[in-house]
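Student: Please build the complete structure, drawing on both the sequences and the hints.
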Amino acid sequence: MITWEQFQISLAPLVVLIPLLTAFILALMKKWPRVAHSIATAVSIVVEAMVILLFYTVREKGTLLYVFGQKGATDAIPANSIVPIRIMFEVDAMSAFMALTAATVTMAASIYSLSFIKKHTGVEKYSSVLMLMLAGMLGLVLTGDIFNLFVFFEILSIASCALVAFRTERWESGEAAFKYMVVSTIGGLFLLLAVGIYYIQYGVLNIAAIATYISITGATRLNLIALAILIGVFAMKAGGVPMHFWTPDAYAAAPAPITIMLKTASLTYLYALFRTTFTLYSISVDVRTVGWIIIIIGLLSMLIGVTMAIPQHDVKRLMAYHAISQTGYMMIGVGVGMATLGTAAINTYGLKAMEGGIFHIINNAMYKGLLFLTAGALFYATGTRDLNKMGGLARRMPVTTICFMIGALAIAGIPPFNGYASKLLIYESVYEFNPYLAIIAMLVSILTLASFVKVFHSAFLGPDLPEYRKVKEVPTSMKVGMGVLSGIIIAFGLVPHLVVKYIVEPAALALVNQGGYISTVLGTAPPQAHWAVSGGVTEGAFFGTLLTNSGAWNSLLWIIVMFVLFLVAKFIYSLGNPTYNKGTEQIKPFLSGWKESSKSASHVRASNLYWGFLNSLSGYYRPLRRGHTGIVNDYVGWFVLVVSLILILLTTLGIKGGVI
Amino acid sequence: MMANLPFIMVALFIAIGLYAVLFKTNLIKIVMGISIIESAVNLFLIAGGYVKGGIAPIYTSAPEGEEMVLPTPQALTLTAIVIGLATTALLLSFVVLIYRHYGSIDSRKIRGLRE
Amino acid sequence: MRRAVSALLALLIFAYLFGVLLKAPIPGDYRDERYNYYSPLSGREANESVPDHYVERGEEETGSQNIVTSIVVLYRGFDTLGEVTVLFTAATGVAFLLSTQRSKGEKEKKKEPNFMASTGVGLVLPFILLVGAYIFVHGHLTPGGGFPGGAVIATGFVLMLVAYPRFQLREKKVSVVEAFSGLAFAVIGLISLIMGLTFLENYLPKGVAGTLLSAGIIPLIYIAIGFKVGSELSAIVSHMKGGEE
Numbered sequence: 001m002i003t004w005e006q007f008q009i010s011l012a013p014l015v016v017l018i019p020l021l022t023a024f025i026l027a028l029m030k031k032w033p034r035v036a037h038s039i040a041t042a043v044s045i046v047v048e049a050m051v052i053l054l055f056y057t058v059r060e061k062g063t064l065l066y067v068f069g070q071k072g073a074t075d076a077i078p079a080n081s082i083v084p085i086r087i088m089f090e091v092d093a094m095s096a097f098m099a100l101t102a103a104t105v106t107m108a109a110s111i112y113s114l115s116f117i118k119k120h121t122g123v124e125k126y127s128s129v130l131m132l133m134l135a136g137m138l139g140l141v142l143t144g145d146i147f148n149l150f151v152f153f154e155i156l157s158i159a160s161c162a163l164v165a166f167r168t169e170r171w172e173s174g175e176a177a178f179k180y181m182v183v184s185t186i187g188g189l190f191l192l193l194a195v196g197i198y199y200i201q202y203g204v205l206n207i208a209a210i211a212t213y214i215s216i217t218g219a220t221r222l223n224l225i226a227l228a229i230l231i232g233v234f235a236m237k238a239g240g241v242p243m244h245f246w247t248p249d250a251y252a253a254a255p256a257p258i259t260i261m262l263k264t265a266s267l268t269y270l271y272a273l274f275r276t277t278f279t280l281y282s283i284s285v286d287v288r289t290v291g292w293i294i295i296i297i298g299l300l301s302m303l304i305g306v307t308m309a310i311p312q313h314d315v316k317r318l319m320a321y322h323a324i325s326q327t328g329y330m331m332i333g334v335g336v337g338m339a340t341l342g343t344a345a346i347n348t349y350g351l352k353a354m355e356g357g358i359f360h361i362i363n364n365a366m367y368k369g370l371l372f373l374t375a376g377a378l379f380y381a382t383g384t385r386d387l388n389k390m391g392g393l394a395r396r397m398p399v400t401t402i403c404f405m406i407g408a409l410a411i412a413g414i415p416p417f418n419g420y421a422s423k424l425l426i427y428e429s430v431y432e433f434n435p436y437l438a439i440i441a442m443l444v445s446i447l448t449l450a451s452f453v454k455v456f457h458s459a460f461l462g463p464d465l466p467e468y469r470k471v472k473e474v475p476t477s478m479k480v481g482m483g484v485l486s487g488i489i490i491a492f493g494l495v496p497h498l499v500v501k502y503i504v505e506p507a508a509l510a511l512v513n514q515g516g517y518i519s520t521v522l523g524t525a526p527p528q529a530h531w532a533v534s535g536g537v538t539e540g541a542f543f544g545t546l547l548t549n550s551g552a553w554n555s556l557l558w559i560i561v562m563f564v565l566f567l568v569a570k571f572i573y574s575l576g577n578p579t580y581n582k583g584t585e586q587i588k589p590f591l592s593g594w595k596e597s598s599k600s601a602s603h604v605r606a607s608n609l610y611w612g613f614l615n616s617l618s619g620y621y622r623p624l625r626r627g628h629t630g631i632v633n634d635y636v637g638w639f640v641l642v643v644s645l646i647l648i649l650l651t652t653l654g655i656k657g658g659v660i
Numbered sequence: 001m002m003a004n005l006p007f008i009m010v011a012l013f014i015a016i017g018l019y020a021v022l023f024k025t026n027l028i029k030i031v032m033g034i035s036i037i038e039s040a041v042n043l044f045l046i047a048g049g050y051v052k053g054g055i056a057p058i059y060t061s062a063p064e065g066e067e068m069v070l071p072t073p074q075a076l077t078l079t080a081i082v083i084g085l086a087t088t089a090l091l092l093s094f095v096v097l098i099y100r101h102y103g104s105i106d107s108r109k110i111r112g113l114r115e
Numbered sequence: 001m002r003r004a005v006s007a008l009l010a011l012l013i014f015a016y017l018f019g020v021l022l023k024a025p026i027p028g029d030y031r032d033e034r035y036n037y038y039s040p041l042s043g044r045e046a047n048e049s050v051p052d053h054y055v056e057r058g059e060e061e062t063g064s065q066n067i068v069t070s071i072v073v074l075y076r077g078f079d080t081l082g083e084v085t086v087l088f089t090a091a092t093g094v095a096f097l098l099s100t101q102r103s104k105g106e107k108e109k110k111k112e113p114n115f116m117a118s119t120g121v122g123l124v125l126p127f128i129l130l131v132g133a134y135i136f137v138h139g140h141l142t143p144g145g146g147f148p149g150g151a152v153i154a155t156g157f158v159l160m161l162v163a164y165p166r167f168q169l170r171e172k173k174v175s176v177v178e179a180f181s182g183l184a185f186a187v188i189g190l191i192s193l194i195m196g197l198t199f200l201e202n203y204l205p206k207g208v209a210g211t212l213l214s215a216g217i218i219p220l221i222y223i224a225i226g227f228k229v230g231s232e233l234s235a236i237v238s239h240m241k242g243g244e245e
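Line by line, the protein sequences give chains A, B and C. For what it's worth, this note's numbering labels the leading residue of the first sequence as 1, then goes sequentially. For what it's worth, this note's numbering labels the leading residue of the second sequence as 1, then goes sequentially. For what it's worth, this note's numbering labels the leading residue of the third sequence as 1, then goes sequentially.
Please note that a few of the clues may not be correct.
[Claimed, not checked] Here are the simulated lysine-lysine pairs, PhoX-like style, with alpha carbons at most 20 Å apart:
(1) K24(B) / K109(B)
(2) K30(A) / K172(C)
(3) K172(C) / K241(C)
(4) K472(A) / K570(A)
(5) K588(A) / K599(A)
(6) K172(C) / K31(A)
(7) K119(A) / K31(A)
(8) K206(C) / K30(A)
(9) K173(C) / K31(A)
(10) K118(A) / K389(A)
(11) K389(A) / K470(A)
(12) K470(A) / K599(A)
Hints listed in this document are in silico derivations from the structure and should not be mistaken for laboratory results.
Tutor: The structure is reproduced here in structure tokens:
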């Protein structure tokens, strides 16, 4: 009935349709909530397998096309016309890469939720809306039609807002969900305005066709308005400063597995931003202006994200601010790539910067996901998210501690984990573009490590507090969920050269290749489009080396060297004279000469750790904290401000060959 | 100029809707402002599909030889109206949730999640 | 202060938008513009553009006389599936958000039905339901279709809720109807996928244009959408009112 060929071609719509159908069925199963969630988990595993197959198919056959409702699934233009008239899914390597990220994180989230949500009512509706979030994310990255993008944008926003408020008994759910929803609805409406602007000019809604017309007619004023709106909306939904205020509220109030889905949803909006600037506009506007706009948003996100994270004492809010700052890394990497588009530099450090940014996307989804899941495990075990109340949990929850350590080391960019590989690519390429950016990025990395040391100390280290004597390790499904993500982090860290060569570089090349994207749909591309570039060499001669433009990194070699040094250190240690006896006066702690009073009093709490740092920077912190008002009107106000500023910048500096 | 009157009204309505969202502190009024912006964008889509002297794109008892207006914006607007309805419903249910916990719907008082 | 600045800037950009749109081409005049008739890729004169294709070929390709319907269901049917999904998500969200017990003793006193309202609604309700069903069944012949038809039916139920305070919607049956009609839509599309065609392709006979039984799968899909939208909107309003006791 259906051949393997046909199945491969229909993979793209199937990965969106299967979760959709499952969601419709699951909402009916009110009597069997556990079964409903198990079905959702099984479906997410199946979708992950299908997405891996889809990625493999795209690598093998090039950009895939699927036209809905037409005889030949891959003919974009029907025989009797020369324009594309139907909706189509266009899957190039970048879309397949984002689909891989989304499916993997959803799989981990739904395995984790098997135990996390089981005490709640309405679990079948939770699973149903989770499936809808998966369908929304996959649809958004796979589509090739801009109105379809808007529809999936709305599916994803509404599903995420509904799930943020899942814990209706807590006071913060309704507030966070309302603020998130106001901001995202206004964003969606502005996106619809941009779609309308394209329609009244060109009469087509297909992304490739719009890109053709834009590259021919250039940057008219209406096109610049549309570009400003699109950059503003997608940067806001990805968590770019100064429109980021909804991010800590929504991430903190949602249950932990939903937070990681929200984070991946932010990454898909970032993909939509890149799709707009690289495929729709590319070199028809002045790339240095657009590139610098993205770089500035990224820079602000990195700095403000990490400095607002340090004083937080709610563990999920702290991690949410870090999510904002990591998004800044991706924006800087890809922004540098954008700024060098069309010049010679794209072949050298420009493409490497983009590879760094794109590699950072999947790394970030993995380690941020792992960190949020450990925060959820802490909440599950102790019932609180406040770091000032926790302490000494490493004894009782060893698996969680190890997973947290892996995630924290990865996010800070410590070798040999995957965070180091992508950050190295970003630092080395961005340094050649503008050295100050790389220096600021490294500074932000140091501050990231500092705040995770704070979390590690106050939650896991420390004495054995009496109120947590009965805390147990988390159930198996949560361990499996965290384990999947840690495994991927370690694997990517060990072989970053393979990941970059087979997964990331095709994605970066496909993103830059506007001409290829257009010609898959329309047959040819106009001469003004931007064509493919040649990538540099990524794999070094020695096995396991990842080559950046100006350096190299080999993680296997690093591990071997570290192991040898460890053996040397152990040998030197064993030459000493051990006189440590447990159980004697030797281990009794003293504080300033007095015997310690109680364990609870001697544990240094989270808010006290960096008081010196915060105190000396109080001149900087006071206006910053006053700026975060928490009033929803201000959230929208910042969005309007940023869109206006981008529009002013674009109209003055953005015309190609104009003043810069 | 008169032919562009719908577009001018679109800009005016978006301005009014944004005023309501930016400056009104009652949560229900913020939802109303969003509703106004949504109607403005739908008007923009439909006005963008107008053909001078065109009739509705339906063949049933259509007069002969007349041009039809562009049909695609009407399909887009159908979808957009339904999506707007869904978001309004969810926004209002969040307002109900907030009222249950806070007892007020003044946006300056709902600041539990600050800084 | 910050809001005043952003409002001022918003005013500036809208003055700009308005100024630009003053000179925007009205699509009615586009037939004089080059790019809709000129294919920039092959350099030859195209004989049509996308909107022209819909208007001129739509009736023969799909068999429905209402071009907007053929776009909504066949040419851009996937967007309609997305829209149905959005409604479904919102209805599910409202269901689990507002289904917990009411706080602060919101028990309302049971009022007696108002005589005028209950008599009026009792007379008019069957006609409302009939008009709604007419609209969505004749979607391919007259303006309207599944969504307005479903909205009219939901209006009927909302009038019942208003006029008879003791009337309650059976949540279970409503959600079964909703889920099944959503499934019906997706299954109709899936059948075409299994048959070897692409998703949501028209596989039923097109019939004679202008009769009720024509246009392939369009009437079936619109009937499913009509039921779905009607039940969903009624469920949303019923949840907001307070739901089943």
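Student: Each hint needs a verdict: does it hold in this structure or not?
Tutor: Hints, verified against the model:
1. K24(B) / K109(B): Within the cut-off at roughly 13 Å; holds.
2. K30(A) / K172(C): holds (10 Å)
3. K172(C) / K241(C): Cα-Cα ~16 Å, so holds.
4. K472(A) / K570(A): Distance of about 33 Å is beyond 20 Å: violated.
5. K588(A) / K599(A): holds (12 Å)
6. K172(C) / K31(A): holds (12 Å)
7. K119(A) / K31(A): Answer holds: K119(A) to K31(A) is near 15 Å, not above 20 Å.
8. K206(C) / K30(A): violated (40 Å)
9. K173(C) / K31(A): Measuring from Cα to Cα gives roughly 14 Å; hence the hint holds.
10. K118(A) / K389(A): With Cα atoms ~25 Å apart, K118(A) and K389(A) exceed 20 Å; violated.
11. K389(A) / K470(A): Given that 20 Å is the threshold and the Cα spacing comes to 15 Å, the pair holds.
12. K470(A) / K599(A): holds (16 Å)
Hint check: violations occur at hints 4, 8 and 10; the rest are consistent with the structure.
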